[in-house]
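These protein sequence lines are chains A, B, C and D, in that order. What the first sequence shows, in numbering that gives the first Met the number 0, is residues 0 to 128, in sequence order. What the second sequence shows, in numbering that gives the first Met the number 0, is residues 0 to 128, in sequence order. What the third sequence shows, in numbering that gives the first Met the number 0, is residues 0 to 128, in sequence order. What the fourth sequence shows, in numbering that gives the first Met the number 0, is residues 0 to 128, in sequence order.
No lab work stands behind these hints: they were computed from the structure. Check the hints yourself; a few may be wrong.
Put simply, identical chains are the same to the list, so a pair is met inside one copy or across any two.
[Unchecked claim] As a list, the in silico DMTMM-like pairs of lysine to aspartate or glutamate whose alpha-carbon atoms are at most 25 Å apart: (1) K90 <-> E18; (2) K90 <-> D3; (3) K90 <-> D54; (4) K95 <-> D59.
Protein chains: 4
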Amino acid sequence: MSADRLEAVLDTLRAFVAERDWAQFHDPKNLAMAVVSEAGELAAEYRWISNPEADAWSRDPENRSRVEHEAADVAIALLLFLDRIGVDFFKAVSAKIEINRRSYPVAASRGRPQRPERTRSSGPSASSA
Amino acid sequence: MSADRLEAVLDTLRAFVAERDWAQFHDPKNLAMAVVSEAGELAAEYRWISNPEADAWSRDPENRSRVEHEAADVAIALLLFLDRIGVDFFKAVSAKIEINRRSYPVAASRGRPQRPERTRSSGPSASSA
Amino acid sequence: MSADRLEAVLDTLRAFVAERDWAQFHDPKNLAMAVVSEAGELAAEYRWISNPEADAWSRDPENRSRVEHEAADVAIALLLFLDRIGVDFFKAVSAKIEINRRSYPVAASRGRPQRPERTRSSGPSASSA
Amino acid sequence: MSADRLEAVLDTLRAFVAERDWAQFHDPKNLAMAVVSEAGELAAEYRWISNPEADAWSRDPENRSRVEHEAADVAIALLLFLDRIGVDFFKAVSAKIEINRRSYPVAASRGRPQRPERTRSSGPSASSA
Chain A
0 MSADRLEAVL DTLRAFVAER DWAQFHDPKN LAMAVVSEAG ELAAEYRWIS
50 NPEADAWSRD PENRSRVEHE AADVAIALLL FLDRIGVDFF KAVSAKIEIN
100 RRSYPVAASR GRPQRPERTR SSGPSASSA
Chain B
0 MSADRLEAVL DTLRAFVAER DWAQFHDPKN LAMAVVSEAG ELAAEYRWIS
50 NPEADAWSRD PENRSRVEHE AADVAIALLL FLDRIGVDFF KAVSAKIEIN
100 RRSYPVAASR GRPQRPERTR SSGPSASSA
Chain C
0 MSADRLEAVL DTLRAFVAER DWAQFHDPKN LAMAVVSEAG ELAAEYRWIS
50 NPEADAWSRD PENRSRVEHE AADVAIALLL FLDRIGVDFF KAVSAKIEIN
100 RRSYPVAASR GRPQRPERTR SSGPSASSA
Chain D
0 MSADRLEAVL DTLRAFVAER DWAQFHDPKN LAMAVVSEAG ELAAEYRWIS
50 NPEADAWSRD PENRSRVEHE AADVAIALLL FLDRIGVDFF KAVSAKIEIN
100 RRSYPVAASR GRPQRPERTR SSGPSASSA
């Protein structure tokens, strides 16, 4: 029998939420807000740490423990979000990797990082309030 | 005599940073990271508060005080960021409002909020690492 | 006569919002969400830029223009948020600087950046849902 | 044979990064910045959507597809972050759930959501720049 670690952790999270009657607060909007606020806490840990020192800094046991907890908070909020909207974590990740393969072909991407090349369309479209 | 409140607060902030020898940590990358982590803290205050209760919740003196402080933290990081890259806060805001006027003409926008209509260009462009 | 640039830009923003009937979407929760999502876009511009290159990178006219716009987006969302909850931008910033003076006395802070030294209280307090 | 989906997706991500010579940009600081900027994009999708409509809005196929991609972007950045600092995703999540159990005992938490009850210690500690 194979233990699926994703299903196991989802079961634990669902029970945790149910015991505390928290599902009422866990609509997708609130969970998206939770993801970004926890992500902000992870970013806060590194904001004055320079790039050249970041790997070594993260190896210090105290720092590592803190960022591990912050990253786990992001993960938990994200797992709850995907569960709420009925999406499998690994399927979503795998699908996006394939999209990224096409967006960032090796030849053009080698040594050049992803850049946020976004353009905002002018005005709201058919999508209403 | 007119007091320019922006210049006054910028002078205070510059002195605050200089006294503590903090400019070394305040390159634009770190300041952008500070802006988003402080913004995450502001978002954290509202993450379980529903839209219908948000205005009333914000009027409670204790809540109001906390979100005021979090918003001020975002403002301070943002003022430091713009100062570092040599951009005037109000000029930047006014210029962007004019861009937004064209992006969101009244007729098409009435009753419809801004939507994040973004498309990512495929692959990195001429801009290298 | 002194021109107060804050009042001028707030008047412009209020008119912009009113013309488009957008106040219905601008409760404090949504505006806090707008602040952090715009802050995320600013952070995105710097995510692969290393600290040593950040100042020079920001001086490139194209980059500077983009981060100026992203920073202005954060500023606009923040101004709308503070206006919604009835707080003056400069009063909030000045008050927080004074709090920071006490939190980061010069002698102890010199050369050492602010650190997110936060502890989470165990469990929800009297503050209910 | 049991396929461990986490190991499989990590192998795919590591190869993706190696092919493009991107590890140079993936120190923990940059990856933390990537996590929060992608999280900001997810939050952007919901910023004008009210809580009561959030579940239904997320069921619309177009919206669902977009938020699925944004959530996957957060997940990918987070997986890369944890891999860079040598932490197992599921171990980190399980450990944090246990910490949360103690922080949010059922009796005190029932019907009351987690609140960001944080206090900032005054001044930097022994942890230097």
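In rising order, the numbers of the hints this structure does not comply with: none
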